[in-house]
Amino acid sequence: MMIRIRSRDGLERVRIDNPHATISQLKSQIESQLRVPLQSQTLSTNQNLLLAKTPDDWSRFTDMANPNSPISTLNLTHGSMVYLAYEGERTVPGPAVNPAGSFGKKMTMDDLIAKQMRVTRQENPHCELVSFDRDAANAFQHYVNETLAFAVKRAGFMYGTVSPEGKVEVDFIYEPPQQGTEESLLLFRDPEEEKCVDAIAIGLGMRKVGFIFTQTISQDKKDYTMSTVEVLQAAELQAEGDLKEWVTAIVKLEVNEDGAADVHFEAFQMSDMCIRLFKEGWFETEVNKDEVDPKLSKMKKDVVLGVKDTKEVDNDFFLVVVKIADHQGPLSTAFPIENRNVPVSMKALKDHFNRTKSLSFVKRISDFHLLLLVAKFLDINADVPALAGCVHTQSAVPEGYQLLIESMASAS
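For the sequence shown, my numbering gives the first residue as 171, with consecutive numbering after it.
Each hint should be verified, as a subset may be incorrect.
Here are the simulated EDC-like pairs of lysine to aspartate or glutamate, each with C-alpha atoms no more than 16 Å apart in a straight line [claimed, not checked]:
#: 1; residue 1: K533; residue 2: E576
#: 2; residue 1: K478; residue 2: E182
#: 3; residue 1: K391; residue 2: E424
#: 4; residue 1: K471; residue 2: E450
#: 5; residue 1: K546; residue 2: E362
#: 6; residue 1: K365; residue 2: E482
#: 7; residue 1: K391; residue 2: D368
#: 8; residue 1: K392; residue 2: E424
#: 9; residue 1: K493; residue 2: E298
#: 10; residue 1: K378; residue 2: E345
#: 11; residue 1: K468; residue 2: D479
Label-pair ranges, simulated between beta-carbon atoms [said to hold, decoys possible]:
#: 12; residue 1: L220; residue 2: T480; range: 18 to 26 Å
#: 13; residue 1: E353; residue 2: S565; range: 17 to 25 Å
#: 14; residue 1: S530; residue 2: N308; range: 18 to 26 Å
Since the hints were made in silico from the structure, they are not lab data. The beta carbon of each residue, even a glycine, is placed where N, CA and C say it ideally should be.
With the hints as constraints, model all of the structure from the sequences given.
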């Protein structure tokens, strides 16, 4: 007999050879025929199951919870409908196709692959929570708000730690050389400078954990969370970062109920499917932004979205929301920040040391942006991680480093 299965992916069918099969056997057939893992399945004869949002909500549908119950006790016969909810994603193989003379259509290998590429929403992020160091987040948003007035885009790489539970803590933001306009953001990445950044991060016990960028005031009027260009840039950097907890953060102005503008942070992960599509070259990257809807990503080939084939995917399908918190991290952000309108000079180092005379030497250099300036004059493999290591442990800085940094400050 044939049982109809309706899920978030549409209507499908499962063949059952034994009309007295148990619910467990039905689940096994769904796994083998529809590629939905048995342990992920929740079944019910109640269509409201498809309106439930979370596994906790699904657990309230218990009419098919006993794996040993025969399906006949639920009056399931040939053609009956069963509703299916499941977590995660699946790949559905396309149908076997036989050419049928002049009236049939031979399917190419590309057609078959496209039939297998099903785009669904990813319910849960790999990152449980992202927490921003208050000073680092404020230094970034203050610049784009007060100096740039959210008129042009700005970005940075976020560095920090990842806990075993998937919590990301962002403790500093590195802003690479870049050029932002109202619509676009070009990163002029400096490999040598990024090596210094990574060496400092190693000494601090941190690593690159994400990407942060701003949206401009003009984008506030658009009906998308992230534009197609932003999705492509975020996917490229997440794929490069190769960290499953990688976070993409957006900073923007939002008008509140009183008509005033508030700075607003949002955090996302690009879905596993988005990264897979990007790595495998499915995205159409050469698009004329004046001719396309910025909330839709164009694909080079059809993908399966719900029950239809399409070359356009709403960008929201690729975004997985991440919860946000804040904390007070171990570093200060009093030192001028790199690659902004005014170059950071040694005079800034001298001014910083004059301002912080009352602090211990290790406290005076506990600032990523100061360490980055100093790192360019040190051995990147030994000295930079060692100096950052002193900051990490808040231990005494060796006299040689101390004399060198003080002489750099006094020479300006």
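Q: Hint says 18 to 26 Å; check whether the CB-CB distance for L220 and T480 agrees.
A: Given a distance of about 21 Å, which is inside 18 to 26 Å, the answer is holds.
Q) Does K478 pair with E182 here, judged by a C-alpha cut-off of 16 Å? A) Holds, at about 13 Å.
Q. Does the Cβ-Cβ separation between S530 and N308 fall within 18 to 26 Å?
A. holds (24 Å)
Q | Straight-line alpha-carbon gap K493 to E298, limit 16 Å | A | Measuring from Cα to Cα gives roughly 7 Å; hence the hint holds.
Q | Hint consistency between K471 and E450 [alpha-carbon to alpha-carbon, up to 16 Å] | A | holds (12 Å)
Q) Would you say the C-beta atoms of E353 and S565 sit inside 17 to 25 Å of each other? A) violated (47 Å)
(Q) Just to be careful, I want the Cα atoms of K378 and E345 compared with a cutoff of 16 Å; is the pair within it? (A) holds (12 Å)
Q. Would the pair K365 and E482 pass a check requiring their Cα atoms to be no farther apart than 16 Å?
A. Not OK: K365 and E482 at ~38 Å, beyond 16 Å, violated.
Q.
For a C-alpha distance cap of 16 Å, please report whether K533 and E576 respect it.
A. holds (14 Å)
**Q.** Straight-line alpha-carbon gap K468 to D479, limit 16 Å
**A.** holds (13 Å)
Q | K391 paired with D368 [C-alpha distance capped at 16 Å] | A | violated (37 Å)
Q. When you check the alpha-carbon spacing of K546 and E362, does it fall within 16 Å?
A. holds (9 Å)
Hint violations for this structure: numbers 6, 7 and 13, all remaining hints satisfied.
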